[in-house]
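J.: Chains A and B, in that order, give the protein sequences.
Counting along the first sequence from 1, when you hit position 53 you're at 53 in the working numbering, and nothing is skipped either side.
In the working numbering, each residue's number is its place in the second sequence (first place is 1) plus 589.
Careful: at least some of the hints might be erroneous.
[Unchecked claim] Capping the alpha-carbon separation at 25 Å, the derived lysine-lysine pairs in DSS-like fashion look like this:
#, chain 1, residue 1, chain 2, residue 2
1, A, LYS255, A, LYS227
2, A, LYS146, B, LYS1137
3, B, LYS1141, A, LYS146
4, B, LYS735, A, LYS553
5, A, LYS560, B, LYS729
6, A, LYS559, B, LYS629
7, B, LYS1141, B, LYS735
8, A, LYS559, B, LYS730
9, A, LYS39, A, LYS104
10, A, LYS126, A, LYS108
11, A, LYS559, B, LYS1149
12, B, LYS1149, A, LYS145
13, B, LYS1148, A, LYS40
14, B, LYS1118, B, LYS1083
15, B, LYS1149, A, LYS146
16, A, LYS560, B, LYS715
17, B, LYS1051, B, LYS697
18, A, LYS553, B, LYS1083
19, A, LYS145, B, LYS1137
20, A, LYS559, B, LYS1137
21, A, LYS140, B, LYS730
22, B, LYS729, A, LYS146
23, B, LYS715, A, LYS552
24, B, LYS1118, A, LYS560
25, B, LYS734, A, LYS548
For the record, the hints were derived by calculation from the structure and aren't laboratory data.
On a predicted model such as this, the values are computed, not experimentally measured, just so you know.
2 protein chains.
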Amino acid sequence: MAYTIKILTLDKTILAKKGELLADKILESGIDLSLYCQKKAVCGKCFIEILEGYLPPLDEIEDFLIQKSKLSQSHRLACRYEVKGNLVINIPPESLLQKTLILKTGIKLPLTIDPFVKKYFIELNKPELDHPYSLLSELKKHFRKKRLNVPVNLLRALPGTLKNSRFKVTTVLYDDNEALAVEPGDTTERSFGLAVDLGTTTLVVELIDLNTGKSVDTATENNSQLKYGMDIVSRISFAFQTPDNLQKLQAAILKNLSLMINLILERNQVSQDHIYEIVFAGNTTMNHLLLGIPVDTLAVSPFHAVFHRLPEFTADELGLRLNPNAKAYVVPNIKSFVGGDISAGIQATGLANRKGNHLFVDLGTNGEIVLKTQKKFVATSTAAGPAFEGMNIGSGMLALPGAIYKAEKKNRLILHTIGKEKPQGICGTGLIDLIALFLDEGKITPSGKIVGNKGPIEITEKIAISQQDVREIQLAVAAVKTGIRLICEMYRIKKEDLDEVFIAGAFGNYLNTKNAKRIGLLPDIDPEKIVYVGNSSLAGARALLLSKPARKKTESLIKKVHYISLALDPRFQKCFIDSLNFGDENSSL
Amino acid sequence: MAYTIKILTLDKTILAKKGELLADKILESGIDLSLYCQKKAVCGKCFIEILEGYLPPLDEIEDFLIQKSKLSQSHRLACRYEVKGNLVINIPPESLLQKTLILKTGIKLPLTIDPFVKKYFIELNKPELDHPYSLLSELKKHFRKKRLNVPVNLLRALPGTLKNSRFKVTTVLYDDNEALAVEPGDTTERSFGLAVDLGTTTLVVELIDLNTGKSVDTATENNSQLKYGMDIVSRISFAFQTPDNLQKLQAAILKNLSLMINLILERNQVSQDHIYEIVFAGNTTMNHLLLGIPVDTLAVSPFHAVFHRLPEFTADELGLRLNPNAKAYVVPNIKSFVGGDISAGIQATGLANRKGNHLFVDLGTNGEIVLKTQKKFVATSTAAGPAFEGMNIGSGMLALPGAIYKAEKKNRLILHTIGKEKPQGICGTGLIDLIALFLDEGKITPSGKIVGNKGPIEITEKIAISQQDVREIQLAVAAVKTGIRLICEMYRIKKEDLDEVFIAGAFGNYLNTKNAKRIGLLPDIDPEKIVYVGNSSLAGARALLLSKPARKKTESLIKKVHYISLALDPRFQKCFIDSLNFGDENSSL
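Put together the whole structure using the sequences plus the hints.
T.: Laid out in structure tokens, this is it:
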């Protein structure tokens, strides 16, 4: 005989048989009940309120958790409640799974918060004379664990912590099998992690609340490795000049990160002890440099990495001062030239679950291109060079204050600069706008020649675009265009077959779609199909910090991404030369 | 149809069907073929020589391994050989599992060598352009591993090591799932571990060859913690006076061990890089002090430990300079007063597998007693005090040069000293001999009174035994006697039911059975049933270093050992008082 369970808060009625577990029935009905501790009755996150029906006596654990959460006495844990008759209940909003949005621009993909790091406020049994157990075994028993990894430093502090807090402590578990910390009292509200976008040019550190998934604050700095080389290739050459240089590169980024972390923690009044994990997303070279692992093999044929997926390690091994046992996770690379930043981007855009044909393009010094069709998941990379970052361009500059990031022609040429400052130079998006304008005006031919005397085209008194600059842009555009063309050709995807083109990279935020298409950087498709996703590397790092299932899925997924080496493709040279002309007209896409 | 396989070397013929794996058939027939790498064809330890019958072509791996082992071309790996017809083969002795003896005195239990640490000489594939793999993934692939833990420091060195050794390297695996080191060339012969007896008074470090199981060398030193307290109780009190003191105790033992390790490595020309694991056996307090974990809770009721079984950690975490990734293993404690030294002793004596009734007694400051019957496995401990170590005795001393360790009466009293030096004092076994002699001579009554003027009994001009000394010995003997009596009574074991009594502790080596029985320290049973096993703590540590199955078995076994707290037993006081009389006559045993 089935009983009815009326859920007032959700205006829903479900059925259950005698003896069935309420938590199971709620879940089965499609309600996202939080089972944070996996029905072990240690987290107190699945409380429901019994309004009518059998109210079993409160047991010790429920009583403790009710007091902790300041709930009324009519609350019971759904993970312990066996149905005995008809019920009318409320499910408090706190007992539902929390969700968060990962990408801040472009598309909205909600993510269920289920991090590796979980905090539990518990009361440990006190020792008794006839049962001379150990503190560690009691801790294991509480979590119903046969094995629980516990670092030695935690054991050193354990007796004091338990004594001072009268055995009421918060235990921080990692992946449900390792204790990272035991803290006195109830500190469950203070649970944080860091997501890091390890960019070649820019570093972004984001402080994230692991309970709510909310971004607390963000810090952005230039990568201080820039002084050793503006792009990846020059940093690799620097690294293998002497073994010291590799260490210099690592020390630079670690100091960078340490300062950013200190700053962000201080201004948000978050203790370093409450940071339990840091997730890094960066390209393969940046990952290697972060860990001080030689990059020589990435520079010479056959261009292989030392690792793609790193085993677990701690932030302490990098000398980063977070919780002493905080974990560090580097988003795995797909291949030598398609790194963890792209894996993160694939995660953030939900590419794996999209139906139809999708292109993901990360525009940076390397243009990484991922094509997802119904059957295939392939990635390639193309050496665009640093022109899009304003480098190797006479008046070029990084996207810093004073950079012309946007140019448009109304009656006269209007220049927009970052920070509205006096123009200092031109960054990538500004260059694209200007080239597109000059093409329209006929100042530059489709083949890239400056018409007339071939002298530089003046923009302001001090800023100009030379013939050489145009050639640099032309090469960069051709590299990306060739990459997109070849990968689509290989899998017989025509541009009209594409359902979406995701453009990632800070670059994307300011990119003028029309102009990007005008010069041929993007295929000439319906502008609505072009989605700017912003910093998908950071967004992916955030998702992989907040969701264990997402991390597991991404790890298995990226093994399936097939890497296409354009350099080995005999069509590459021809296609590249064809692509040198600005615009889309030569593309078979 | 079954084919015959004639094994000439073992004068044995076995049968196999077509397509069956030769390795499986050899194993099934009870021959201890070495399958070091678990039939993965990476170790080259299961070579057999094909004398007659099908000789398949050598494949790349076999060819590499044959060259490495300098074997003839007619050898093939049994783990890859599929039977196709009748065969005549040889099994070289190197292809059989190596065994070693663990206990050096007493009983002979052979142990199959199968350590956690295994070394493999391999040739890694070189990278190719159309397959831009990572070095790490290639390493995993070679061992057919999806997951392989690899420390970051190993990754840093990996590219250089591979390059310099042309991809021919020795990989050190731990528990088949973690790489501890990758070394250039073939270093498989150099694989060592350390077994440590972490005694309250004496430390023993033994260097062990993990390939052969042989003890290479041993170093013995006094525990330098002695200066902070002669026994466990005084060290615990010292430790909790100030937090500094705990660190002092830890620093003392770690410095001690470091010096011993340096010495033993230097005199045997073994590089610290070739030590991959260290196993410690000690009592619960010593284990805590080794790790710098507070011992306060061990001193006061309810006397609980911080841990019994430690999660995995590295020697580096203790600051011991072995291979940078060398593992450290602390033999798990049974309970607060029955530590890892006893777990090791249980392992070394093979107690778990013995039929009948067996007693294991470790005589030290604490007398630990383990009873194994057909149905029960119980342990207890009894505070014998430091008298057996010569402490709290007027002329007492540790078993150091000059100590009277043996006394006998022929025409006159003959005293034997350690190192045959001039008598300086009396150690434990000497005290037992002397008390027994004086009991026989009537100089001491069974109730412990010195007959006559009650003045001290002179042994030499400067050495004597006072009434107070006799009382100290009496208390120590009574503690052990009570422990043995109560535990046997509880499980209704009479002394004639005992099949063996194992006596452990350095003490045991010099103990005179007759005298020990005379004073009542040991039950009055057939002397042949009393087996001195020497330092079973060290022997157990050695076994647990050399055998993964032994370690796993011991870990699950000790969970089943039931701890009996004598202090809680109402019969304790009465039995203890009954036991104060020297001799066995009052014992119900």
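J.: Now, for every hint given, state plainly whether the structure supports it.
T.: How the hints compare with the structure:
Simply put, A/LYS255 and A/LYS227 have alpha-carbon atoms about 14 Å apart, close enough for the 25 Å limit, and the pair holds. Simply put, A/LYS146 and B/LYS1137 have alpha-carbon atoms about 19 Å apart, close enough for the 25 Å limit, and the pair holds. Among the hinted pairs, B/LYS1141 with A/LYS146 is consistent with the structure: their alpha-carbon atoms are about 14 Å apart, no more than 25 Å. Taking the CA atoms of B/LYS735 and A/LYS553, the gap is near 15 Å; set against the 25 Å cutoff, the hint holds.
Simply put, A/LYS560 and B/LYS729 have alpha-carbon atoms about 17 Å apart, close enough for the 25 Å limit, and the pair holds. Restraint check for A/LYS559 and B/LYS629: the C-alpha separation of about 23 Å stays at or below 25 Å, so the hint holds. With a C-alpha separation of about 23 Å, the suggested pair B/LYS1141 and B/LYS735 falls inside the 25 Å cut-off, and the hint holds. Proximity of A/LYS559 to B/LYS730 is assessed by CA-CA distance (about 14 Å); at most 25 Å being required, the pair is judged to hold.
A C-alpha spacing of about 33 Å is found between A/LYS39 and A/LYS104, which places the hinted pair above 25 Å, so the restraint is violated. Distance check on the hinted pair: A/LYS126 and A/LYS108 sit about 49 Å apart at the alpha-carbon level, beyond 25 Å; violated. The straight-line distance between the Cα atoms of A/LYS559 and B/LYS1149 is roughly 44 Å, outside the 25 Å bound, and the hint therefore fails. Simply put, B/LYS1149 and A/LYS145 have alpha-carbon atoms about 17 Å apart, close enough for the 25 Å limit, and the pair holds.
For the proposed pair B/LYS1148 and A/LYS40, the alpha carbon gap of about 23 Å is at most 25 Å, so the pair holds. The straight-line distance between the Cα atoms of B/LYS1118 and B/LYS1083 is roughly 14 Å, inside the 25 Å bound, and the hint therefore holds. Proximity of B/LYS1149 to A/LYS146 is assessed by CA-CA distance (about 14 Å); at most 25 Å being required, the pair is judged to hold. In summary, the hint linking A/LYS560 to B/LYS715 is supported, as the alpha carbons are separated by about 22 Å, within the 25 Å threshold.
With a C-alpha separation of about 43 Å, the suggested pair B/LYS1051 and B/LYS697 falls outside the 25 Å cut-off, and the hint is violated. A C-alpha spacing of about 63 Å is found between A/LYS553 and B/LYS1083, which places the hinted pair above 25 Å, so the restraint is violated. As the CA atoms of A/LYS145 and B/LYS1137 are separated by approximately 22 Å, the hinted pair is consistent with the 25 Å bound. Taking the CA atoms of A/LYS559 and B/LYS1137, the gap is about 33 Å. The hint is violated against a cut of 25 Å.
For the suggested pair A/LYS140 and B/LYS730, the alpha carbons sit about 35 Å apart, so the restraint of at most 25 Å is broken. Distance check on the hinted pair: B/LYS729 and A/LYS146 sit about 28 Å apart at the alpha-carbon level, beyond 25 Å; violated. Distance check on the hinted pair: B/LYS715 and A/LYS552 sit about 30 Å apart at the alpha-carbon level, beyond 25 Å; violated. Taking the CA atoms of B/LYS1118 and A/LYS560, the gap is about 66 Å. The hint is violated against a cut of 25 Å.
Between B/LYS734 and A/LYS548 the CA atoms are separated by roughly 22 Å; this keeps the pair inside 25 Å, and the hint holds.
Consistency with the previously given hints fails for numbers 9, 10, 11, 17, 18, 20, 21, 22, 23, 24, ordered from lowest to highest.
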